[in-house]
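Visitor: Here our numbering = 1-based position in the sequence shown + 24.
Just so you know, the hints here were simulated from the structure itself, not pulled from any lab data. A hint or two may mislead.
Subject to a maximum C-alpha distance of 30 Å in a straight line, what follows is the list of computed DSSO-like cross-link-like pairs (lysine-lysine) [what the hints assert, rightly or not]:
| id | residue 1 | residue 2 |
| --- | --- | --- |
| 1 | 59 | 26 |
| 2 | 49 | 59 |
| 3 | 26 | 72 |
| 4 | 72 | 53 |
Model, not experiment: these values are computed from the prediction.
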Amino acid sequence: MKILGGLIMIAIGTAIIMYTEWLLKNFGKVAWFEKNLGSEGGSRLGYKLIGLIIVFLGLLMTTGMMDGFLSFVLSPLTRGQL
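Kindly produce the complete structure, drawing on both the sequences and the hints.
Guide: This is the structure we're talking about:
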């Protein structure tokens, strides 16, 4: 089930990256992206970054490395508690 879920996440992330212009036309510009990611084209970059993060998480889920990655990332917050 994790493999199928990961592949679906990869497909969704890839679609977000490929159809950024469609997302921009239908959902509009995001003010936070425009302010913090560049003067013009910040929303496009933001949509692509979201798609890239989804693809990355899908790859982690597909390969079964999600638990190890999350424990590595969250280890400073859970130091001494595990």
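Visitor: Evaluate each hint against the coordinates.
Guide: Hints versus structure:
no., hint, verdict
1, 59 - 26, "36 Å, violated"
2, 49 - 59, "18 Å, holds"
3, 26 - 72, "24 Å, holds"
4, 72 - 53, "13 Å, holds"
Consistency note: the structure conflicts with earlier hint 1 alone.
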